[in-house]
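In the order they appear, the protein sequences are chains A and B. Taking the working numbering, the leading residue of the first sequence gets 1, the next gets one more, and so forth. Taking the working numbering, the leading residue of the second sequence gets 1, the next gets one more, and so forth.
A couple of the hints might just be wrong.
For identical chains, the list gives no copy identity; a pair is met inside one copy or between any two copies.
Here are the simulated PhoX-like cross-link-like pairs (lysine-lysine), alpha carbons at most 20 Å apart as the crow flies [stated by the list, open to error]:
no., residue 1, residue 2
1, 102, 187
2, 104, 2
3, 178, 158
4, 102, 27
5, 151, 61
6, 187, 27
These are computed hints drawn from the structure, not numbers from a lab.
2 protein chains.
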Amino acid sequence: MKLTLPAQTILLPSPVLIIGTYSPDGKPNIMNAAWGGIASSKPPCISVSLREATLSYHNIKQTEAFTVNIPSEKFLKEADYVGIVSGREHDKFSETGLTAEKSKLVNAPIVKEFPYALECKLIEQIDLGLHTMFIGEILGMVADSEVLNTKQIPDIEKVRPMIFGSFGSMAYYNIGEKLGDAFSIGKEIQQV
Amino acid sequence: MKLTLPAQTILLPSPVLIIGTYSPDGKPNIMNAAWGGIASSKPPCISVSLREATLSYHNIKQTEAFTVNIPSEKFLKEADYVGIVSGREHDKFSETGLTAEKSKLVNAPIVKEFPYALECKLIEQIDLGLHTMFIGEILGMVADSEVLNTKQIPDIEKVRPMIFGSFGSMAYYNIGEKLGDAFSIGKEIQQV
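Generate coordinates for the entire structure from the input sequences, incorporating the hints supplied.
Structure, rendered in structure tokens:
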């Protein structure tokens with residue numbers, strides 16, 4: 001039975017984005033954000049939406065840079081932790097044992113232990129209400145060689161990223177089985 | 001070994017968003033988009049980025065409305081198919097056997113067979129280059145009662161959405177195992 005329901009911000013799957021920023025005095029911070037996605041192919045852009053209450057919001061406003069770090073599933077606890085506490089009271093890198101390495105392209109830290117990171121320069125900010133959407137142009141990427149395919153692209157089966165199940169389950173999941181090839185399996189319908 | 005690589009639009013996981021629109025003469029269309037995400041909690045907003053080459057881009061410009069339909073994994077072929085062909089030459093609803101039902105809130109069609117859909121009114125459009133980001137305010141949601149939890153929120157374990165593995169694998173995946181509770185499992189670090 002179809003039900004008509006109030007508006008909900010439920011997107012399945014939602015990603016687990018670990019946003020890396022520096023404060024103006026150079027202290028690195030990371031936070032866990034689920035509101036974001038790729039925004040454009042050319043130029044390559046990604047968006048992430050943050051509340052003004054977060055330290056990361058102010059860091060991005062001031063440095064005009066951020067990284068999007070993708071944790072593999074083995075960093076479950078670390079990824080969740082950096083979404084629970086604030087960088088104002090906690091040094092999240094030292095508390096999680098993660099290592100901040102400065103991006104060579106933008107003024108933002110990369111999480112060394114995570115499989116890959118996108119290095120972003122702020123190009124747009126849109127105040128939508130509780131959240132401000134920050135759009136970053138992706139200037140480069142840093143990745144572990146072990147997670148790349150033969151074309152030097154991160155392979156989801158090697159990255160083993162987490163999925164956020166959003167408010168319906170309030171839990172993280174891993175990637176399951178391969179279902180089929182994109183831009184391919186659908187052709188079976190076309191041929192009917 | 002860490003490698004420094006060119007910019008890539010690789011976000012893992014990426015969602016499988018089936019965007020529903022009407023042309024000005026009322027013909028329903030659906031397309032498969034991976035570039036998008038939740039943009040704001042209050043007001044509830046979602047973004048989707050489309051190329052000007054798509055029919056859906058022009059439909060949204062004219063109707064100022066769209067739906068975001070989430071397919072369950074059993075609609076693998078249908079979801080892929082509507083990303084391969086254009087609504088200019090194909091009636092994608094009839095060819096896939098899917099049913100268009102008009103949203104009661106916005107001028108856009110809902111895919112009846114899919115577990116749930118977000119009904120969106122266009123509030124912002126940002127030209128970024130090859131893609132234009134359309135930000136929609138989510139006015140309501142339509143969902144199958146079977147995919148809801150006790151709070152009337154779609155549960156990822158019941159929805160069984162697909163994941164797009166992006167350019168590294170060019171394949172779709174399903175949801176794997178539950179890893180832990182969000183805003184909870186990370187507290188084990190805090191207590192160390």
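To see whether the hints hold, each was checked on the structure:
no. : hint         : result
1   : 102 with 187 : neither (45 Å within a copy, 27 Å between copies)
2   : 104 with 2   : between (51 Å within a copy, 13 Å between copies)
3   : 178 with 158 : both (13 Å within a copy, 18 Å between copies)
4   : 102 with 27  : within (11 Å within a copy, 51 Å between copies)
5   : 151 with 61  : neither (35 Å within a copy, 36 Å between copies)
6   : 187 with 27  : neither (51 Å within a copy, 23 Å between copies)
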